[in-house]
Amino acid sequence: MLLSAIFKRGLLAFLLVITPLVSSLHAADVDLEALLDDDLEEAEEIVVYDPLEPVNRVFFVFNDRLYFWVMKPVGKVYSAVLADEAVRGCIRDAFHNVLAPVRVVNSLLQGKFKQSGTEVARFAINTVLGAGGLGDPAAEEFGLDKADEDLGQTLGFYGVGEGIYICWPLLGPSSARDTVGMAGDYFLNPLQYVFAGDPGTNYGLTALKVENAATLNGKDYESLVSEAFDPYISLRDIYYQHRRNLITNAGSADDQNDVSVRDKGFSLAQCPELYGNGFFRNLAGARKYQQCLKNRGMQASINRSQKQGRAVYLVIQYDQDAVGPQVARVTDVGGVNGHK
Amino acid sequence: MAINKKIHVLQVILVVGCLFLQGSLVQANDPQSAMKLTVEKVMEILSDPALEGDDHWAERRERVAQEVTKRFDFAQMAKSALAKTWNERSEAEREKFVTLFKELLKDTYVERLKTCCGGSYEVVFDKVLVRGKKAAVSSMITQGDREVSAVYKMYQEGDDWFVYDVVIEGVSLVSNYRSQFVSIIQKDGYEELVRRLEDKVAEPRNPDNSEKELS
Chain E
0 MLLSAIFKRG LLAFLLVITP LVSSLHAADV DLEALLDDDL EEAEEIVVYD PLEPVNRVFF
60 VFNDRLYFWV MKPVGKVYSA VLADEAVRGC IRDAFHNVLA PVRVVNSLLQ GKFKQSGTEV
120 ARFAINTVLG AGGLGDPAAE EFGLDKADED LGQTLGFYGV GEGIYICWPL LGPSSARDTV
180 GMAGDYFLNP LQYVFAGDPG TNYGLTALKV ENAATLNGKD YESLVSEAFD PYISLRDIYY
240 QHRRNLITNA GSADDQNDVS VRDKGFSLAQ CPELYGNGFF RNLAGARKYQ QCLKNRGMQA
300 SINRSQKQGR AVYLVIQYDQ DAVGPQVARV TDVGGVNGHK
Chain G
0 MAINKKIHVL QVILVVGCLF LQGSLVQAND PQSAMKLTVE KVMEILSDPA LEGDDHWAER
60 RERVAQEVTK RFDFAQMAKS ALAKTWNERS EAEREKFVTL FKELLKDTYV ERLKTCCGGS
120 YEVVFDKVLV RGKKAAVSSM ITQGDREVSA VYKMYQEGDD WFVYDVVIEG VSLVSNYRSQ
180 FVSIIQKDGY EELVRRLEDK VAEPRNPDNS EKELS
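Residue numbers (numbering that gives the first Met the number 0), protein chains in the order written: chain E, 0 to 339; chain G, 0 to 214.
Calculated from the structure, these hints are not laboratory results. This one's a predicted model, so the numbers in the text were calculated from it and none came from an experiment. Some clues are possibly wrong.
[Claimed, not checked] Below, a list of computed lysine-lysine pairs in the DSS-like style, where the Cα atoms sit at most 30 Å apart: (1) K293(E) to K95(G); (2) K133(G) to K101(G); (3) K75(E) to K199(G); (4) K69(G) to K133(G); (5) K218(E) to K69(G); (6) K101(G) to K218(E); (7) K83(G) to K218(E); (8) K186(G) to K69(G); (9) K218(E) to K199(G); (10) K218(E) to K75(E); (11) K71(E) to K293(E); (12) K40(G) to K186(G); (13) K199(G) to K69(G); (14) K199(G) to K71(E); (15) K133(G) to K218(E); (16) K95(G) to K40(G); (17) K199(G) to K132(G); (18) K208(E) to K113(E); (19) K145(E) to K208(E); (20) K83(G) to K105(G); (21) K105(G) to K40(G); (22) K40(G) to K71(E); (23) K293(E) to K132(G); (24) K105(G) to K95(G); (25) K113(E) to K218(E).
Isolated chain E, as found in the complex (with noise of 0.2 Å):
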């Protein structure tokens, strides 16, 4: 009794400092900035060293054999059993939980101390609010988003390149440097010590978890398979581009996280170049932003509305010439539509 309110009392005092601390991560953020360094007259082409395609392209074949063959099939069955996709979603979250070391060392050790905060609080909401992460409370009620971090970004981040391209079977699509990434992050993984001396459940674990993912992105995999000329090359690329993605842009260093965009990157310097609505976590962000647009002229209001039971700050720019604000289906954000 003693040590659970002990350990409730430090929970929530562990809650109280760390959550104001922390600001919005995605781990989808695309640096616009980057984006725009591209040439319109002579497009530059990304090299990959790929020395052990025609291995890798058996692998390939292989992995995807396995999915149409086995997965789908399998897949089905599963899908029908846990006909719910929110059933499916609480167990790829549960999956995404226990991994949390992971992704808090990796945090660590690229100096992105708020991120690998946030990743400790979104574990304990999670774990004791979430009955052990299969929901995501951390993200819905506290405003703590997910993000990704494993040992091969962490390496990448330092300056490691990828090295040759690898294709795995079972594991798919890597390179050298996120292989040797991925064998380090191996111990890290708790299940690993949980069933040390239970290999099956560790196996079966992992194949659920992989199973699991593949009946929520099957259909993504299927229209890249469908949609490509080369699906080995479109897939080789798309896995260079994410990660590179990722390593460069997703969770930047803690002094650029002071203005908590949607999507980040936005700092006051930057202000002069940025017009439109924006979308905040806080409203201090938003209030930043209308200074920033009204510094220039531009007249711009403040919505406090919800998404997906999380607060947000929609900062909507008027047009001066037009009547009304220019929006495209602000009706959304209000949260009474739309969701499931």
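Got chain E; can you put chain G on it based on the hints?
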């Protein structure tokens, strides 16, 4: 609750007002409004009860493709997807390639709308970055508990803005095609690439079968 409702009512008024203004007052002379205009029009077509069902599939597809073609510069995308090879091609070859690539992207876009966003989905434009004659317009597409970020890379010509690349979750569509095209050209030559494009474009596209199969 009362405040929420008030905001909601206000928003409906605003949106309805916007629809009326679209044709007259609001000009697409900044990239975000330009993109919004196109997205709004596509959504209108997709939610038009007169165009629902398999019978109207071809018409719906054509109408969406029309809107998309107005905003997306497929010729620039084709050029960029071919990289260095573009400079080595003759005028006639370029023209043929652009026509094929346009058909392909039109089909892909419409196909994607059908499979990815069958249910109710929402698009919120959140940020714009303008640098000279180029802009990145960022948006968030939400469906159920899934969020997908889409950034439209645009350039200015005269008073209007056109899309030259789409970046989904950090993955550029044009770069992805480029990596495949370059690899095919290196291995089998340019002619083989054109042949494969022709095959792909000629593939029959059945209305809505992928959805039925998966659900």
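Hint consistency between K199(G) and K132(G) [alpha-carbon to alpha-carbon, up to 30 Å] = Given that 30 Å is the threshold and the Cα spacing comes to 34 Å, the pair is violated.
Would the pair K40(G) and K186(G) pass a check requiring their Cα atoms to be no farther apart than 30 Å?
-> Answer violated: K40(G) to K186(G) is near 42 Å, above 30 Å.
Starting from K75(E), check that the Cα of K199(G) is at most 30 Å away, please.
-> holds (29 Å)
Does K218(E) lie within 30 Å of K133(G) when you go C-alpha to C-alpha?
-> Cα-Cα ~33 Å, so violated.
Straight-line Cα separation of K145(E) and K208(E) no greater than 30 Å?
-> Within the cut-off at roughly 18 Å; holds.
Starting from K293(E), check that the Cα of K95(G) is at most 30 Å away, please.
-> The given pair, whose Cα atoms are some 49 Å apart, is violated under the 30 Å limit.
Does the alpha-carbon distance linking K69(G) and K133(G) stay inside the 30 Å limit?
-> holds (18 Å)
Is it true that the CA of K199(G) sits at most 30 Å from the CA of K69(G)?
-> Holds, because 23 Å separates the two Cα atoms, which is no more than 30 Å.
Given the hint that K113(E) pairs with K218(E), does the C-alpha gap stay at or below 30 Å?
-> violated (35 Å)
Between K218(E) and K69(G), is the straight-line Cα distance small enough, at 30 Å or below?
-> holds (29 Å)
Given the hint that K199(G) pairs with K71(E), test it: the Cα-Cα distance must not exceed 30 Å.
-> Holds, at about 25 Å.
Keeping to a limit of 30 Å between CA atoms, is the pair of K208(E) and K113(E) held or broken?
-> holds (28 Å)
Comparing the model with each earlier hint shows violations of hints 1, 7, 8, 11, 12, 15, 17, 22 and 25; every other hint is respected.
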